[in-house]
Amino acid sequence: MQGLAFALWLANVLLDTGGQLAFKAAAGDERAGDGLARWRYMLARPWIWVGIACYVLEFVVWIAFLSLVPLSEGVLLGSINIVAIMIAGRFLFRERLSPLRVTGILLVAAGVAIVGAGA
Amino acid sequence: MKRFYAIGFALLLAFDTLNLVCFKLAGTHALPVEMNLAWALRVFSYPWIYGAVVGYIGAFVTWMSLLKHAPIGPAFAASHMEVVSVMVLSYWVFNEPVTPTQIVGAIAIVAGIACLAVAEGDEGEHDVVPA
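Those protein sequence lines, which keep their order, are chains A and B.
For the first sequence, the UniProt record's numbering begins at 1 and goes up steadily by one.
For the second sequence, the UniProt record's numbering begins at 1 and goes up steadily by one.
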């Protein structure tokens, strides 16, 4: 993988993870209440907008990335997002990482590393 | 009900695959990659990008309808199976080589997703570690 493709891949992981975490932070706020009031609460705070901004940027970065690498390879390398989000969820939202989840994370990471090494 | 899931998962896979194939076509037509307005205009001047948007919306609606009933574990796994469908399609449509490294990597990734899917199904209810 050339330098630009690698930079775009890295940016994609960071933006996807950042976006998901921001949406989780927005949606998980217990002070938000219910129904329309909940949406008003969320829209008046930064997290939901951070999430939207991340996703818009990710859209651009992802098109650029896929145009530089073979599609099958790009999609396989993009699987790293699953790993990044689970690990971030563990540290930021105290989500459980059971042995089975850790096994899954290691397998996906190994698969991405194998594909990446061959790219 | 089984049929509902089968159709739902197939539809989800189809929308995700459409999304990725269209993204690839949109990007390829807009080459070379430049972080400027000219590149963005090239991306949006071909129909492909709109196919990708249709894929996004279709996948989102299908996913939300599935989640209403389907267990999260298998749903999670199915939502990531586009790695396989895209590999087959890339070989077929874009004449991309499928290398042994890619196949080994894909098997590891799919196995990992399967583990995560089983874990989601079993442990979904007590998800958060007490502080």
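Since the hints were made in silico from the structure, they are not lab data.
Don't take each hint at face value.
[As the list claims (entries may be wrong)] Just some of the chain B residues that point at chain A, by a computed CB distance under 7 Å:
| hint | residue |
| --- | --- |
| 1 | M1 |
| 2 | K2 |
| 3 | A14 |
| 4 | T17 |
| 5 | F23 |
| 6 | N36 |
| 7 | G51 |
| 8 | L67 |
| 9 | A108 |
[Unchecked claim] From the derived model, a few chain A residues whose C-beta atoms are all more than 10 Å from chain B:
| hint | residue |
| --- | --- |
| 10 | A27 |
| 11 | G35 |
| 12 | R45 |
| 13 | W49 |
| 14 | W62 |
| 15 | A64 |
| 16 | F65 |
| 17 | E73 |
| 18 | G74 |
| 19 | I87 |
| 20 | L100 |
| 21 | A110 |
[Claimed, not checked] Output of the computed footprint for chain A on chain B, the stretches with three or more beta carbons under 8 Å from beta carbons of chain A:
| hint | region |
| --- | --- |
| 22 | 3-12 |
| 23 | 27-33 |
| 24 | 69-83 |
This structure is a prediction, so every number in the text was calculated from the model and none was measured.
Note that CB positions come from ideal geometry on N, CA and C, so glycine has one too.
For the restraint on N36 of chain B, tell me whether the closest CB of chain A is nearer than 7 Å. N36 of chain B check fails; min Cβ-Cβ to chain A is 11 Å, beyond 7 Å.
If you look at each residue in the region 3-12 of chain B, do at least three have a Cβ nearer than 8 Å to any Cβ of chain A? Violated: only 0 residues of the region 3-12 of chain B have a Cβ under 8 Å from chain A.
Exclusion check [A64 of chain A not at the chain B interface, CB over 10 Å]: A64 of chain A not clear of chain B: closest Cβ-Cβ about 5 Å, inside 10 Å.
Assertion that I87 of chain A lies farther than 10 Å from chain B (Cβ): holds (12 Å)
Decide, holds or violated, for the assertion that all CB atoms of chain B are farther than 10 Å from the CB of G35 of chain A. holds (18 Å)
Least C-beta distance between W62 of chain A and chain B, which was stated to exceed 10 Å: violated (6 Å)
Would the least Cβ to Cβ distance between A110 of chain A and chain B come out above 10 Å? Contrary to the label, A110 of chain A does not stay out of reach of chain B, its closest Cβ about 5 Å off (not over 10 Å).
Can the hint on L67 of chain B be confirmed by a CB-to-CB distance to chain A that is less than 7 Å? violated (14 Å)
With a C-beta cutoff of 8 Å, work out whether three or more residues of the region 69-83 of chain B approach chain A closely enough for the coverage to hold. holds (count 3)
Minimum Cβ-Cβ distance from W49 of chain A to chain B exceeds 10 Å: Fine: 19 Å to the nearest Cβ keeps W49 of chain A off the interface.
With a cut-off of 7 Å, does the beta carbon of G51 of chain B approach a beta carbon of chain A closely enough for the hint to hold? violated (12 Å)
Please settle this one: E73 of chain A was flagged as non-interface, so is its CB more than 10 Å from every CB on chain B? Contrary to the label, E73 of chain A does not stay out of reach of chain B, its closest Cβ about 7 Å off (not over 10 Å).
In this structure, the earlier hints numbered 1, 2, 3, 4, 6, 7, 8, 14, 15, 16, 17, 18, 20, 21, 22 are contradicted, and the remaining ones agree with it.
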